[in-house]
Amino acid sequence: MGNRDIRRVSDDSLEPDATPRRILLINTNKSNGDIGATASPLETEIAQWLALGWTRAE
Amino acid sequence: MSTNHIGKTIYHAVAAPATNTKAGFEALTWVLVKGGQTLPQLGISHAMIDVPDLQTGFTLGIKGAATGVDTTGTFRDIPADAGQVAIRLAGNSQSGVSSIKIVDGSGTDNAPVTGNPTEYAQGIMHSVQVNQADDSSFEGFTVGFRQNAPTVITTHP
Numbered sequence: 001m002g003n004r005d006i007r008r009v010s011d012d013s014l015e016p017d018a019t020p021r022r023i024l025l026i027n028t029n030k031s032n033g034d035i036g037a038t039a040s041p042l043e044t045e046i047a048q049w050l051a052l053g054w055t056r057a058e
Numbered sequence: 001m002s003t004n005h006i007g008k009t010i011y012h013a014v015a016a017p018a019t020n021t022k023a024g025f026e027a028l029t030w031v032l033v034k035g036g037q038t039l040p041q042l043g044i045s046h047a048m049i050d051v052p053d054l055q056t057g058f059t060l061g062i063k064g065a066a067t068g069v070d071t072t073g074t075f076r077d078i079p080a081d082a083g084q085v086a087i088r089l090a091g092n093s094q095s096g097v098s099s100i101k102i103v104d105g106s107g108t109d110n111a112p113v114t115g116n117p118t119e120y121a122q123g124i125m126h127s128v129q130v131n132q133a134d135d136s137s138f139e140g141f142t143v144g145f146r147q148n149a150p151t152v153i154t155t156h157p
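Sequence order for the protein chains is V and L.
Position 57 (the first sequence) corresponds to 57 in this note's numbering; numbering is contiguous.
Position 46 (the second sequence) corresponds to 46 in this note's numbering; numbering is contiguous.
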């Protein structure tokens with residue numbers, strides 16, 4: 001009984017956020033445009049941006 | 001019913017998105033370009049491949065590769081406008097890589113609001129030319145925009 005209560009609390013805390021976060025990136029590849037240009041893609045799409053030469057802002 | 005284009009504004013970003021999608025374009029950092037008079041036309045043109053047939057005597061057309069259109073935007077001069085500075089810099093830069101956003105705004109002074117019709121396109125800015133000086137015209141400039149991916153038609157976030 002005690003274990004079941006603990007699991008329910010844990011599941012609630014893992015509920016996904018409705019709106020994905022945005023991550024600030026800086027361009028380092030001139031084929032993408034100006035070096036230093038900024039973009040804020042959704043966290044769910046971050047891999048495609050990083051693969052093209054965008055890097056996370058400090 | 002047809003409507004006119006009054007109220008449309010153009011925005012510029014100095015980069016292309018990682019994905020040619022609404023989410024990709026919304027991630028870019030946009031700057032309003034004031035003083036727009038004629039905006040670049042957005043669209044693509046397909047090459048045609050002619051396939052003749054001796055027996056039928058009819059040349060069949062099949063669809064070839066797409067090319068983005070290359071058109072010109074015209075602006076009246078607004079000194080120190082950040083958007084005009086950015087679009088001219090892009091047009092004079094080595095790569096010219098840019099994205100544009102055209103919004104049919106419905107807010108105060110036609111400012112964009114959430115849900116307004118919006119078009120996104122990526123390509124290159126080039127061929128910046130200031131208006132020829134004479135005694136009967138105004139100061140301004142033109143800039144070419146060659147589209148490098150299909151237009152994304154969506155709504156303003």
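For the record, the hints were derived by calculation from the structure and aren't laboratory data.
We put the CB at the ideal spot given by N, CA and C, even for glycine.
Treat the hints with caution; some may be incorrect.
As the list claims (entries may be wrong) - Quick list of the computed label-pair ranges, beta carbon to beta carbon: (1) L:Asn92 with V:Thr19: 15 to 21 angstroms; (2) L:Lys34 with V:Leu24: 38 to 44 angstroms; (3) V:Ala51 with L:Asn92: 26 to 32 angstroms; (4) L:Thr59 with V:Leu24: 53 to 59 angstroms; (5) V:Ala51 with L:Arg76: 36 to 42 angstroms; (6) L:Asp135 with V:Ala57: 27 to 33 angstroms; (7) V:Thr19 with L:Glu139: 41 to 47 angstroms; (8) V:Thr55 with L:Arg76: 37 to 43 angstroms; (9) V:Ala47 with L:Ser136: 51 to 57 angstroms; (10) L:Ser2 with V:Ala51: 41 to 47 angstroms; (11) L:Thr21 with V:Glu58: 26 to 32 angstroms; (12) V:Arg21 with L:Thr155: 20 to 26 angstroms; (13) V:Ala57 with L:Val113: 38 to 44 angstroms; (14) L:Met48 with V:Glu43: 42 to 48 angstroms.
What the hints assert, rightly or not - Residues of chain V placed beyond 10 angstroms of chain L at every Cβ, according to the derived structure: (15) Lys30; (16) Asn32; (17) Asp34; (18) Ala37; (19) Arg56.
List of violated hint numbers, smallest to largest:
1, 2, 6, 13, 15, 16, 17 and 18
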